[in-house]
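J.: If you follow the hints, you should be able to join the two separate chains into one complex; please do so.
Protein sequence lines, in the order shown, are assigned to chains A and B. Sequence positions in the first sequence follow numbering that gives the first Met the number 0 and run 0 to 416. Sequence positions in the second sequence follow numbering that gives the first Met the number 0 and run 0 to 192.
Don't read these hints as lab results, they were simulated from the structure. Ideal Cβ positions, reconstructed from N, Cα and C, are used throughout, including at glycine. Treat the hints loosely; a few may be bogus.
[Said to hold, decoys possible] Ranges between beta-carbon positions, derived for each pair:
(1) A/34 <-> B/135: 35 to 41 Å
(2) A/68 <-> B/21: 14 to 20 Å
(3) B/175 <-> A/39: 18 to 24 Å
(4) A/22 <-> B/8: 18 to 24 Å
(5) B/65 <-> A/369: 41 to 47 Å
(6) B/65 <-> A/394: 42 to 48 Å
[What the hints assert, rightly or not] Cut-off 27 Å, straight-line C-alpha distance, at most; resulting in silico cross-link-like pairs (DSS-like, lysine-lysine):
(7) A/78 <-> B/25
(8) A/345 <-> B/20
(9) A/33 <-> B/68
[What the hints assert, rightly or not] These stretches of chain B come out as covered by chain A in the derived footprint (C-beta under 8 Å, 3 or more residues):
(10) 28 to 38
(11) 56 to 68
(12) 123 to 137
(13) 146 to 153
(14) 167 to 178
Spelled out from the first residue to the last, the chains are:
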Amino acid sequence: MAEVSNKGVNNFIIRDDFVEWVQYPTAGSDWYWKQFQLDNPSSKADIEEAIFILKSINPYEKQLEDKRLEKLWISISKKTVNRNRSKRIYIWSAAASVVAILGISMLFYFSGNPESEVAGFSSVAKVTEDTDEVRLILSDNSEKTFSSDDLEIKYNKEGEIEVTTENGEKSTSIINKTPNAINGKQKGISSSGVVGAKVEQLNQLVVPRGKRMSLVLSDGSRLYLNSGSRAIYPVKFSEKRRELFVEGEAYIEVAHDSKRPFIAITDQVTVRVLGTKFNISAYPEDSYCSVVLVEGNVQAEVNSQQIAMDPNHLLMYKKDTKETSLDKTEVLPYISWKDGWLYCKKEKLRVVAEKLSRYYNIKIEFQDEETPEMTLYGKLDLKTDCSDIFKAISAIAPISCVVNENEIIVSKKRDNN
Amino acid sequence: MDEIEKIQSETKLWNDFVSGKNEAFKTIYYRYANELFRFGLHFSQSEDIVFDAMQDLFIDLYNYQPQLKSGDCIKQYLFVSLKRKIFRLQGEENKYQSIDLSKMSFAYALVSADTDNEEMDNEKLKLLDKAMGELSDRQREAIYLRYVSGLSYEELSEVLQLNYQSARNLIHRGIEKLRKIYHKKSLSLFCSS
Numbered sequence: 000m001a002e003v004s005n006k007g008v009n010n011f012i013i014r015d016d017f018v019e020w021v022q023y024p025t026a027g028s029d030w031y032w033k034q035f036q037l038d039n040p041s042s043k044a045d046i047e048e049a050i051f052i053l054k055s056i057n058p059y060e061k062q063l064e065d066k067r068l069e070k071l072w073i074s075i076s077k078k079t080v081n082r083n084r085s086k087r088i089y090i091w092s093a094a095a096s097v098v099a100i101l102g103i104s105m106l107f108y109f110s111g112n113p114e115s116e117v118a119g120f121s122s123v124a125k126v127t128e129d130t131d132e133v134r135l136i137l138s139d140n141s142e143k144t145f146s147s148d149d150l151e152i153k154y155n156k157e158g159e160i161e162v163t164t165e166n167g168e169k170s171t172s173i174i175n176k177t178p179n180a181i182n183g184k185q186k187g188i189s190s191s192g193v194v195g196a197k198v199e200q201l202n203q204l205v206v207p208r209g210k211r212m213s214l215v216l217s218d219g220s221r222l223y224l225n226s227g228s229r230a231i232y233p234v235k236f237s238e239k240r241r242e243l244f245v246e247g248e249a250y251i252e253v254a255h256d257s258k259r260p261f262i263a264i265t266d267q268v269t270v271r272v273l274g275t276k277f278n279i280s281a282y283p284e285d286s287y288c289s290v291v292l293v294e295g296n297v298q299a300e301v302n303s304q305q306i307a308m309d310p311n312h313l314l315m316y317k318k319d320t321k322e323t324s325l326d327k328t329e330v331l332p333y334i335s336w337k338d339g340w341l342y343c344k345k346e347k348l349r350v351v352a353e354k355l356s357r358y359y360n361i362k363i364e365f366q367d368e369e370t371p372e373m374t375l376y377g378k379l380d381l382k383t384d385c386s387d388i389f390k391a392i393s394a395i396a397p398i399s400c401v402v403n404e405n406e407i408i409v410s411k412k413r414d415n416n
Numbered sequence: 000m001d002e003i004e005k006i007q008s009e010t011k012l013w014n015d016f017v018s019g020k021n022e023a024f025k026t027i028y029y030r031y032a033n034e035l036f037r038f039g040l041h042f043s044q045s046e047d048i049v050f051d052a053m054q055d056l057f058i059d060l061y062n063y064q065p066q067l068k069s070g071d072c073i074k075q076y077l078f079v080s081l082k083r084k085i086f087r088l089q090g091e092e093n094k095y096q097s098i099d100l101s102k103m104s105f106a107y108a109l110v111s112a113d114t115d116n117e118e119m120d121n122e123k124l125k126l127l128d129k130a131m132g133e134l135s136d137r138q139r140e141a142i143y144l145r146y147v148s149g150l151s152y153e154e155l156s157e158v159l160q161l162n163y164q165s166a167r168n169l170i171h172r173g174i175e176k177l178r179k180i181y182h183k184k185s186l187s188l189f190c191s192s
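Only chain B is shown next, with the shape it has when bound in the complex (with noise of 0.2 Å):
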């Protein structure tokens, strides 16, 4: 599918399920969920802590269903909702104070992609791994949203609630600062051995 026809069909989805067509809730939950739950294992190590948020994300969704806008874009309200949610799930926040997304920790986890030279790899790995360690937990969640669950810059600066060119220059800081610091690493690691 291109991508104007992915926007297209995402569109109409929403469309359907806002002017009350319910099977396409049902669309959009199979469609999502497994996207959802991998994006919400990023905020909560706890697996259950997930499938709680994602289960009152789509109760939500079904009962606001006449309040939601045809415009509005599926899939970066349901990332931003679950995320969300699993704040409020993971509870000692107060239940007043007004929350701030931007503050949650993003979890990530690195897996060798390569087979063929294993041990090379997992030095490799480690080294991008502490290099990632020092991204803002802001960066990281830009560079996961952007690569892994592979939102467009639009979508992203919806979810990350900032605008198109600050969500432009996350990445790309956040990808330069990656760099520089595997490098040095790797450098490192070459001279002291």
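The following block holds chain A by itself, in its conformation from the complex (with noise of 0.2 Å):
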């Protein structure tokens, strides 16, 4: 009481524990005010007037209706959580703007572009594929065959190529010796560049279907081409970037050169980059083209539109509809096959023969149009037989198999019963 009406306001409402009590009554706290007021009758008509304040100022809580409230929340949620979809019909709607001009800017960016090393050179030299070999053709037009896919092939500073088989023991050859030394003389391949301009060496890996190669390039990038893939690149890059053309699919390790851009081309799409971890597919025969981001950035050019990536992004280019989409993603699928492994998560089965046909250069037939469709999930090792993958196959989903040599038929499962 003292306390109180020695401030001479008798002021209640700046008291913590009053308003405590009027807005939040306990058993407690009214037993101590009830005190309060028989103690301090004088106090009675302050303590009225600070309880009707608050009350007064303390309006009945309007709430938002529940219907509202929901309401809100989807209209929210749909804007958050669903980021990728607008993005998505942002760049479709993008695309289509831009595919009046995409023609015409696709051929000059390869028959025109006298920077390009590399591009120009892709239509030139279309290599029968006819064969079994991995095929390494030099700038001289001379070839170099193997065998077997069991090693790498390493262009160090100097342009020179180390071959090295992993059978057990390494052996490293050196093949393609002091090539500045011919620099420009060879008639064989070499970019069509702007006269007077240095000659680019170019090389090229052509890995057929069943096979897969992994190559590291003269600035020390690594490069993984699957089964009936080629890949043009120059013995040595230049100063100002460091240019190559893939057809088919590739996983690149770009090491790292803030001074010179690495490009990869594709007949569809051209991811440029300083130093990351990306899969590119172009597959001629396929009807689309993709590409995955798995670490840094990239910028990807596809139909003359700059689409930039982060990592888990999937770029995808749907050739015949010209539509663009770019989608978060589980990269893993997409680059398990440098690895040996084939992941399937809710992939359809028609997808996966596809793969399995070119891994192991061998044809998958269906014998019904509701198989093709199945949906796979799991984990497939493509270090077995592609006969073993197909039984593996036959364990979970209701197929049969044939196994030919060179082919192999899978059909829908008739019942037991």
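T.: The following block contains the structure:
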């Protein structure tokens, strides 16, 4: 009492314990404040007034109706959880607007761009794929073939090629010695560069169906080429850029070099990076091209549209509709081939069969239309035979397979009863 | 829930959200939506604007989640952000001009708490209403945040961007002024009647 009245204001509202009592009364505080009023009868009017003010400015809580609360949440979650969807729509509409100029720009890029060292070459040196061997075509048009795919081809800084086989023991042999000595003199493959410009030596690595190959380029970047793919690249990269052409599928770990951008060119998509890991799939026979980014950042160009990609992004370009989409994805299924695994996550058997057919160079035939549409989950070991893989699939899916030489026939399993 | 428990659960909720747990986002929404809605209505009489501001606020919160720090206080963050959103949505202001949130007008409404003596209460309410009208927007806001939204002085000082003591003073002086005006009016009412 003394304390309160000495302040001369009897201002109960600024007392936290008083406010607490008015707003959230408890048995204890009730007892205390009743006792307080008995002990300090003169405070009665002030206390009543304070209660009145507090209760008046503390209106009965206006509640949001549950329906509106729910509605607002739905519109919030639509705009947050599905961020990727809105992004995709944006890119599609952007793609639609540039379709008209696509043809012209692609033509220009591949045939007319004097700065591009490898692009013009890609259309010239079509390689016949009637061999089972991995072929390395050197700049003088000579060929080196490898029957085993358990080896690594490495270009050192001088542009010399070291081949390391890994069947138990390692043996290194150097071919294409001192290529600089014959620089510019050879008649074979050379880029259609500007007249007078230094002629870059281009090599081509062709990996047939059923084989894989990994390659270390002169800048230290590592290139994994999947079955039925080829890459064209200079023996030594120029000082301005590191450019290579890929047909088919490649997983590329780019060595960082901020002064020289690394540019991977395919028929449809061009990927520009400084240092990163990504997978690019651009088989001419496929209906789509895709780029999956594992690390770092890349700038992809498709349909003369620039798309910045972040890690775990999947860029899909559908060739027929010219639709581009960018989505978050799990990268593992896209890059596991380089380690000899095939991850299937909700993958159509048809798509898996396409990949296996390419990987093993084997024909896979479906007897009905239903089976290829089956969805598959799991991890397939590509280090085993293709027939073993189909045995494994038929154990979990209602299919039966007949394995012939170079051909697997898949059909729907008949009911046992 | 006692105060410490409440603060702990709020801190945990915020930390969960900042560390990327998506359920926490929904929990935050459902826990604070009503409070934010009521708070927002003091700055805009349009429920639609408050809804839009809340939507923007939560979308921003989600998008900026990677940039948020675990130490931040959730309630203050939400209140200040909502104020800013409403200010922007009310919109005649120049977008490039910095926002002075302290200049936002603060609307209020008083309700009769007692139904026993309605006429008497209504008279008193009118007086209180007039008294409230003579406070500054800042004082009104502080009083509401303290007594209606139940913010502690620490929380209040962050929402109002003042130090602790200034926030306390703002409330005390506001209440003092309120009482004085209220008394003077009731006195004049008493004399004239």
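J.: With reference to the structure, classify each hint as holding or not holding.
T.: Each hint tested on the structure:
1. A/34 <-> B/135: 35 to 41 Å: The hinted range 35 to 41 Å holds for residue 34 of chain A and residue 135 of chain B, with Cβ atoms some 37 Å apart.
2. A/68 <-> B/21: 14 to 20 Å: holds, 19 Å
3. B/175 <-> A/39: 18 to 24 Å: With Cβ atoms ~20 Å apart, the hint holds.
4. A/22 <-> B/8: 18 to 24 Å: Holds, since residue 22 of chain A and residue 8 of chain B (Cβ atoms, about 20 Å apart) stay within the stated range.
5. B/65 <-> A/369: 41 to 47 Å: holds, 45 Å
6. B/65 <-> A/394: 42 to 48 Å: holds, 44 Å
7. A/78 <-> B/25: holds, 13 Å
8. A/345 <-> B/20: At roughly 25 Å apart (the allowed maximum being 27 Å), residue 20 of chain B and residue 345 of chain A satisfy the hint.
9. A/33 <-> B/68: violated, 45 Å
10. 28 to 38: Contact hint for the segment 28 to 38 of chain B vs chain A: holds, 6 residues under 8 Å.
11. 56 to 68: holds (count 4)
12. 123 to 137: It holds: at least three residues are needed, and the segment 123 to 137 of chain B offers 4 whose Cβ sits within less than 8 Å of chain A.
13. 146 to 153: Since three or more residues must qualify, the claim that chain A covers the segment 146 to 153 of chain B holds, with 3 doing so at under 8 Å.
14. 167 to 178: Three-residue rule met by the segment 167 to 178 of chain B, so holds; n is 6.
Comparing the model with each earlier hint shows a violation of hint 9 alone; every other hint is respected.
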